[in-house]
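Participant: Could you build the full structure based on these sequences and the hints that come with them?
Respectively, the protein sequence lines represent chains A and B. Each residue of the first sequence is one higher than the one before, counting from 1185 in the working numbering. Each residue of the second sequence is one higher than the one before, counting from 8 in the working numbering.
Hints were generated in silico from the structure; no laboratory data involved. Treat each hint with caution, since some may be false.
As the list claims (entries may be wrong) - Simulated coverage check for chain B against chain A, where a stretch passes if three residues somewhere in it have a Cβ under 8 Å from a Cβ of chain A: (1) 60 to 69; (2) 158 to 164.
What the hints assert, rightly or not - Residues from chain A that keep clear of chain B, each with C-beta distances beyond 12 Å, as calculated: (3) Lys1215; (4) Gly1259; (5) Cys1278; (6) Gln1280; (7) Phe1303; (8) Gln1348; (9) Asp1458; (10) Met1504; (11) Gly1507; (12) Thr1546; (13) Ser1567.
For each residue, glycine too, the CB sits at the ideal point set by N, CA and C.
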Amino acid sequence: MKALVWHGKEDIRCDSVTDPEIQDPRDAIIKVTSCAICGSDLHLFHNFIPGMLPGDIMGHETMGEVVEVGSGVDGKLKKGDRIVVPFTIICGECDQCKRGNFSVCETTNRKRHLAEKVFGHSCAGLFGYTHLTGGYPGGQAEYLRVPYADATHIKVPAGIPDEQLLFLSDIFPTGWQAAVQCDIEPTDTVAIWGCGPVGQMAIRSAILLGANQVIAIDCLPERLSMAEAGGATTINFETESVVERLNELTDGKGPEKCIDCAGMEAHVMASQPDTLLDRAKQMVMLESDRPHVLREMIYVCRPGGIISVAGVYSGFSDKMPMGAFMNKGLTMRTGQTHVNRWTDDLLRRIEQGEIDPSFVITHTVPLSQGPEMYQVFRDKRDSCVKVVLKP
Amino acid sequence: MFHFSNIVRTKGDPKILEGGPSLKRPEDQLARALGWFSIGLGAVEFLAPRRITATLGMEGHETLVRAFGVREILAGIMSLSVDKNAGLWARVGGDGLDAAALLSGLTSDNPKKSNIALALLMVGGIAMLDYRAAQDTRPRRPPREARRKLYPNRSGFPKGLENARSGAKQIAAHPMPERS
Ligand SMILES: NC(=O)c1ccc[n+]([C@@H]2O[C@H](COP(=O)([O-])OP(=O)(O)OC[C@H]3O[C@@H](n4cnc5c(N)ncnc54)[C@H](O)[C@@H]3O)[C@@H](O)[C@H]2O)c1
Ligand SMILES: [Zn+2]
Ligand SMILES: [Zn+2]
Chain A
1185 MKALVWHGKE DIRCDSVTDP EIQDPRDAII KVTSCAICGS DLHLFHNFIP GMLPGDIMGH
1245 ETMGEVVEVG SGVDGKLKKG DRIVVPFTII CGECDQCKRG NFSVCETTNR KRHLAEKVFG
1305 HSCAGLFGYT HLTGGYPGGQ AEYLRVPYAD ATHIKVPAGI PDEQLLFLSD IFPTGWQAAV
1365 QCDIEPTDTV AIWGCGPVGQ MAIRSAILLG ANQVIAIDCL PERLSMAEAG GATTINFETE
1425 SVVERLNELT DGKGPEKCID CAGMEAHVMA SQPDTLLDRA KQMVMLESDR PHVLREMIYV
1485 CRPGGIISVA GVYSGFSDKM PMGAFMNKGL TMRTGQTHVN RWTDDLLRRI EQGEIDPSFV
1545 ITHTVPLSQG PEMYQVFRDK RDSCVKVVLK P
Chain B
8 MFHFSNIVRT KGDPKILEGG PSLKRPEDQL ARALGWFSIG LGAVEFLAPR RITATLGMEG
68 HETLVRAFGV REILAGIMSL SVDKNAGLWA RVGGDGLDAA ALLSGLTSDN PKKSNIALAL
128 LMVGGIAMLD YRAAQDTRPR RPPREARRKL YPNRSGFPKG LENARSGAKQ IAAHPMPERS
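Facilitator: Set out below in structure tokens:
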């Protein structure tokens, strides 16, 4: 089959690889009908998250049709079923899964010893991500083996196009969880850093959860225009002072709730000198992340407020203003998304026409053009916001 | 075909049968070669500055050579990173400094001045490559003033933004149980 394979920094190729096979009774194989490129894939493209090996298949936003099931899938899935695959692989049985903390499933990381060394404890296995999270082959491919398939799936009905359902795999629940973690109240201002696909979903989620005011921050006009269409007031951090504007919009009090949808690769620019220092340290491996957005959120958040982090951080962040964080009595909530905790509700909202996540798609191309699209998405060329690949 | 990466595959995972084309361009390879060259030269300058000053007849300038070594290493690391363009421009600047330092040693009483001339020639050659690579690897991000498509109609709410807002307000209007 064809698959997008990681060969090194900025080197993803569309290779011919062997087809996946059932390895365990709880496996299923799907024929992929649609998959997408995520902002997290860019961190891997840049080799900023350790633990990738040449030959790893990329991709964790995937859906398709079940073509083969193992003997242990136990009637939960059958040939011909249409499923969206959550990016977190879950067993459905462990302590954490039972609590709905799916992204920290205790069972599915097949290289748990690596994660335990680095993080203290293991997290769930993830598709198309690093070997710290199991090194499972990803779904930017014609076929995908879904381990623990009896639990790791979202069954979706016929009659709704792929484009509306695909993002149940990751970015829609991710934006949703980021907003839910804020405990939004009807008087709240929610500020969202980053208007990439995840930020766009967080904006819509904050609106659906009843925020009084949603403010979106980015520097790309096309993404800001999309944020505004979704109901956000926008701030362009290249031309305006984020802190000043946020205070202006909240009578000097700061937003109650702040969401990071930018992550470890904050834009590097001279007017934000900390980003230059972070970038320099990153190069000589003194720091793994560029946490500019975290610092800014802590500084500007209203005392007693909540900071919700959807953006991915990989290792160590320096110069975190813990003094402000502590004295302002802030709360921080984070996490890879517990996808299946939210998808029943979100699927219902799609079916009822409350939201149509396909608004974010700007490019749809054949899988073989995937490698070019990584560059287009990374460079923000052609007003690209979200790329869908068709195998 | 043999693919090295297949050796480390977990048993059962798909293996590469035939590799597809890489998007690495010749200029990316050149940038990489220059990056490693920079680190190698920097290491020599940093670790053995006396050998260099002796070869050039410029004894007494070891500290400067060491500092240049550090500069070379940092520019090299940058040239190997995703910000290779900045690294290559740093190298172009560094070539200028190298040339200036060498010229200062090109005095009539320096017995090693032929070595300096040779070194200058090498710096000139490398500088041309650095400049080429820096030109060819300019980031492909569109400039800030470039025209872009905007998406003012993509609300994502099939029933409209106002409907989405008021739906949420209705839910909020139902009184929640008092918090204690
Ligand atoms: N928690 C999860 O489970 C989960 C799931 C999916 C993605 N993610 C992460 O979410 C993040 C965003 O993903 P995406 O797909 O939207 O990626 P993206 O790269 O398209 O979007 C990031 C956006 O952040 C903006 N940005 C950069 N610096 C900024 C700054 N200083 N202030 C404000 N905005 C800034 C960029 O311009 C860009 O538009 C990534 O870090 C990704 O890894 C997390
Ligand atoms: Zn993702
Ligand atoms: Zn589990």
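Participant: Compare the structure with each hint and give your call.
Facilitator: These are the hints, each one checked on the structure:
Only residues whose C-beta sits within less than 8 Å of a C-beta in chain A count toward coverage, and the segment 60 to 69 of chain B has 0 of them, not enough to reach three; the restraint is violated. Judged by the Cβ-Cβ criterion of 8 Å, the segment 158 to 164 of chain B is covered by chain A as claimed, because 7 of its residues qualify and three suffice. Residue placement check: Lys1215/A keeps its beta carbon more than 12 Å from all beta carbons of chain B (closest about 14 Å). Distance check on Gly1259/A: its Cβ is at least 24 Å (rounded) from any Cβ of chain B, clearing the 12 Å threshold; non-interface status holds.
The Cβ of Cys1278/A lies farther than 12 Å from every Cβ of chain B, with a closest approach of about 22 Å, so its non-interface assignment holds. Here Gln1280/A stays apart from chain B, with its beta-carbon at least about 24 Å from theirs, past the 12 Å limit. Non-interface call for Phe1303/A relative to chain B: holds, since the shortest CB-CB distance, roughly 20 Å, exceeds 12 Å. The Cβ of Gln1348/A does not lie farther than 12 Å from every Cβ of chain B; its closest approach is about 10 Å, which violates its non-interface assignment.
With a minimum CB-CB distance of about 17 Å to chain B, Asp1458/A clears the 12 Å threshold, and the non-interface call stands. Interface exclusion of Met1504/A from chain B stands, the closest Cβ pair being 24 Å apart, more than 12 Å. Separation of Gly1507/A from chain B is adequate, the least Cβ-Cβ distance of about 30 Å exceeding the 12 Å criterion. With a closest Cβ-Cβ approach of about 8 Å to chain B, Thr1546/A is found to fall inside the 12 Å limit, against its non-interface label.
Not every CB of chain B is more than 12 Å from the CB of Ser1567/A (nearest about 4 Å), against its label as outside the interface.
Of the numbered hints listed earlier, those contradicted by the structure are 1, 8, 12, 13.
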